[in-house]
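Start from the sequences and build out the full structure, keeping to the hints where you can.
Chains as they are written, first to last, in the numbering used here: chain A, 1 to 271; chain B, 1001 to 1525; chain C, 2001 to 2314.
A few of these clues could be false.
20 Å max Cα-Cα, derived SDA-like pairs, lysine to any residue [said to hold, decoys possible]:
id	chain 1	residue 1	chain 2	residue 2
1	C	Lys2228	B	Pro1338
2	C	Lys2228	B	Leu1078
3	A	Lys169	B	Lys1382
4	C	Lys2228	B	Ser1140
5	A	Lys169	B	His1368
6	B	Lys1410	A	Glu177
7	B	Lys1259	B	Lys1382
8	A	Lys169	B	Pro1338
9	A	Lys169	B	Leu1324
10	C	Lys2228	B	Thr1117
Think of the hints as simulated: they come from the structure by calculation, not from any bench.
Here are the chains, one letter per residue:
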Amino acid sequence: MNRNLIIGTTLTAVFITLAVWSFVWIPYDIESLDIANKLQTPNSAYLLGTDHFGRDILSMIMMGARTSIAVAFVAVGIGMALGIPLGLLAAARHGSLLDEVIMRGNDLVFAFPSLVIAILITAVFGASATNAIIAIGIFNIPVFARLTRGAALPLWERDFILAARVCGKSAARISVEHILPNITNLMIVQGTIQFSLGILAEAALSYIGLGAQPPTASWGRMLADAQTLVSIAPHTALVPGFAILLMVLGLNLMGDGLRDWLDPRIRVART
Amino acid sequence: MSLLAIKDLSLSIGDTQILHDVDVDTEPGEIVAITGESGSGKSMTALTVMGLLPRGAKPGGSVVLDGVDILQTPEPDLCQMRGNTMGMVFQEPMTALNPVQTIGAQVAETISIHENTTKTAAHERAAQMLERVGLKVPPSRYPHELSGGQRQRVVIAMAIALRPKLLIADEPTTALDVTTQARILDLLRDLVREFDMGLLMITHDLAVVADIADKIVVMQDGRVVESGATDHLLKDMQHPYTKALFAASTHQVQLPVRKGSVQLLYAKNIIRDYPMPRQKLLGQRPTFRALDNVNFHIEHGERVGLVGESGCGKSTLTRAILGLEDVQGGEIRLDGDPVFTGNRPNQSVRRKMQVVFQDPYSSFNPRHRVERLITEPFHLLKNPPTGKARETVIFKALQDVGLSAADAGKYIHEFSGGQRQRIAIARALIVEPELIIFDEAVSALDVSVRAQVLDLIVDICGKRRLAYLFISHDLSVVRSVTDRVLVMKSGKIVEQGDTETVFSDPQHAYTKSLIAAAPQLPPLI
Amino acid sequence: MIRYAAGRLTSLVISLFVASIVIFAVIEVIPGDPAAFMLGVNARPDTIAALRAEMGLDQSLIERYFDWITGLLQGDFGQSWTYKTPVADLIGDRIWISLPLAIYALILSTLIAFPAGIYAASRRSGAGDITIMGATQLGVAIPNFWFAMILVLIFAINLRWFSAGGFPGWDNPLQAMKSLTLPAIALALPQAAILARVMRSSLLDMLGEDFIRTARAKGLSARQALWKHAVRNALIPVLTIIGLQFSFLLAGGIIIEQVFFLPGLGRLIFQSISARDLIVVESVVMLLVFTVIMVNFMVDLAYAAVDPRLRSKA
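Here it is, written out as structure tokens:
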């Protein structure tokens, strides 16, 4: 275990705990307004202060963590579930028309940033957290497809793959039995990084109103609400911003830490 | 006063002591070869002389070059000396050059960083130097347009552009074909005489050493075990390690006598074409003919060799025989059955063939245990053994190749290169095939390990009356382990016949040039 | 070289074609009747009929697609339903904010990232490297629109160095640039952090290559070898990231415009979404995608300029 991994995992665990905890208990109800207590700075009753409707910001951060984590997690899941098989397939059929089609398709999706996908979806279906998941998920597919193909291709050149073919194993079987276990570490590390990008993307989409809609709490929406208040009540903008920052930082440190921890293995130097 | 005097050189990285009390001397115009197996510290000695040690390396003793102690010289002064007083040539010509600069510019750089000349003058001198090293392509070329041998000439031109007093060459011909190797060695020898420079050559190949060196230094585990003038040392070896090393290099395998002549593998008029990138945007893709009308056969229990240089089609032929790729013409049959039927390989035929690859490091999935690795061919069996029977088979297979039952639970990174090749042999034998293809199977091994693995191969195959196709660039090995040999060039088999006959009386010009180019150890007493 | 460029050009045209079909399908096919969709459930039948006629919905899909594409090629982006003006005019006013913003940010990001990445790589594991890597770790984690809000709070509200938002127009280029500066910094810094990390790791990969050792053996110092041999080779993966970043900057700019009340494409597109003006959305999205694909085409050409191996390959 290295320092990055410990700090990163701790930060991530804090937010996941907050999100899970919110199902059981939150300090204040955030669905009812309490105008009398609006825009309180952090104090002993409201640890992180209140917003312009008098809602407890800590409670909203906890509820928002749920949204962020759920959206990013499912989006990365979509990216992996579709991207990894596509990448394995492209690598197994390297140089074929299928490979070409998959890779060109990837390039095409890269031309649609997740915001543009969100714009298209929202224009037709309206804004919702589900649409944010789909937009970010679609964007993740080529990320994993390309990475998988890139990591699988050199493996296909290795002699142990040739040995497996000599043993009569099919390309599909080799992909699952030999390629997949050798790219798992890479996928875990990349998955962590994509998770953090998913958190950022969800916040951005919610901020411009293309993601989670009220009453669903979301860090991005909190920032949108805080925008006009930033000069009179900076904490309304600072708290959700730091929540995003720390969660993303935690995931990135965890990704780096995982890479250092998983990878420096059997790299034999040859003279 | 010698040109280079290495005295009591010691080197440690972290807690590991890499070199102990190394002494080497080199005179101007003298070729000194440092030899030894991997891990002997020969490359580290060379890097110490260049002052290019990895970070954290702590040298002791003295390395005096032309009156200057390298170990006491600060880095800026060392930069002045590198390329100027001393130059270096590396093993891997394919990666030693900057891919995005022309070769002319890379040679000119040596000149321009040390001398105050104009760009044009430096480029002109670079062009002359490239010509001097026998390169026949213009200096405006990029490295990727050149062959390995040509690139090595560029690296040499870079190293000698300023006529350094000492040239260090670390395995300069190891990555090259034998005919190219012979030419590069000739070039180095000429340059040493012409420039009167010292050449410190690092090589594991004793035949090369005996061929080129004036003086030999034998290293083992970071120590010099023996050194002396070449002819003297070859005649009168003192240290047991030196003797063992030379004995292993000339190791003659006891090839058991073979009886019978029933045909096993039969290949007739094989043609294999690869599509090449289109020349025009639209239009027919040109093809490259990797196998051109190849004919041969292998009998039951017969030991056949296949020699040829890189790119001659050896690997393509292996793939075709194994039924991994279909051929465009001709047929390959094993025991009468085609290896490739319709558009899919023939599983029942495959069971009778297995293969052992060259690289012991990439032949195994690092994520599987040995028992799973060696039982992979069970996939070819209709009813593979399970439970107790499977265990018995695994243990027997491991014992047959000199490993123990306890090794079954280990991962591949826990084994040395030689042990890995034994595991590869165990994997090949587990389904009791009739033919094994050894594709450069001992080329990556140190000489002493290589001798043991060769003995094992010949012993096991002899007992089981197994036929094998032994593919190698190393003529002396092929000569010692085969009954019959095929010589391949540019996708064609140019000569085949009884091994002894072909080697002692080659008919084809190419075979003759191969045999002439291969360096040979003089017969030892 | 020509063959390489021709190959890239072919794939550019194919990408544009497929992208246009995807956009057309999402906007004009999925909603069923786009006219009814745009006008909502309470619309009067004759209004719907009028819009249907204007959008040419009585034609077949293929004809409509073809009309749309030929229109785009001639600069005719259709007529906005809500603004009642040609979409081309709407875009023309606004793209001169969004595009300069993205380019400004790209330049800033590159100017920050290259020196930072090269410095960190040349001082590997030293104090400078650790500081820069720590800073990039933070930079990567900062949401750019939040960073923009913080910049406004500090430099516009407290220090009053910049105005908090709005755009004075290009009549006074200096003022225009000034009003784009905070947004560009907000966009650029997080991207610069990513780029600096890529630059550093790419350089470190290169420094481990054999040809660097060859260069050192010639007598180049470690720093000379880095500058003369590693940097240009390290550019190849860095270029890929720069190409990808442009699309993030363009899209990110659309978000940042909201923070600074810049009347760019972002405002137009969000207003059009809430007004269900599909004609505007369709054309603006096509324009964004077109820009991204063009930039990637230019990156491909830049590859060939850096890497001779690509020039000689088909």
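Hint by hint, here is what the structure shows:
For the hint pairing Lys2228/C with Pro1338/B, the CA-to-CA distance comes to about 56 Å; that exceeds 20 Å, so the pair is violated. Annotation: proposed proximity of Lys2228/C to Leu1078/B holds, straight-line Cα distance about 19 Å (limit 20 Å). For the suggested pair Lys169/A and Lys1382/B, the alpha carbons sit about 13 Å apart, so the restraint of at most 20 Å is met. Our distance criterion of 20 Å between C-alpha atoms is met by Lys2228/C and Ser1140/B, whose separation comes to about 18 Å.
The hinted pair formed by Lys169/A and His1368/B meets the criterion: a straight-line CA distance of about 16 Å does not exceed 20 Å. For the given pair, Lys1410/B sits about 18 Å from Glu177/A by alpha-carbon distance, which is consistent with the 20 Å threshold. In summary, the hint linking Lys1259/B to Lys1382/B is not supported, as the alpha carbons are separated by about 32 Å, beyond the 20 Å threshold. A threshold of 20 Å between alpha carbons decides the hint, and for Lys169/A with Pro1338/B the separation of about 19 Å falls inside it, so the pair holds.
Distance hint between Lys169/A and Leu1324/B is fulfilled; the C-alpha atoms sit about 11 Å from each other, no more than 20 Å. Among the hinted pairs, Lys2228/C with Thr1117/B is consistent with the structure: their alpha-carbon atoms are about 18 Å apart, no more than 20 Å.
Hints 1, 7, counting from the list given before, are not met by this structure.
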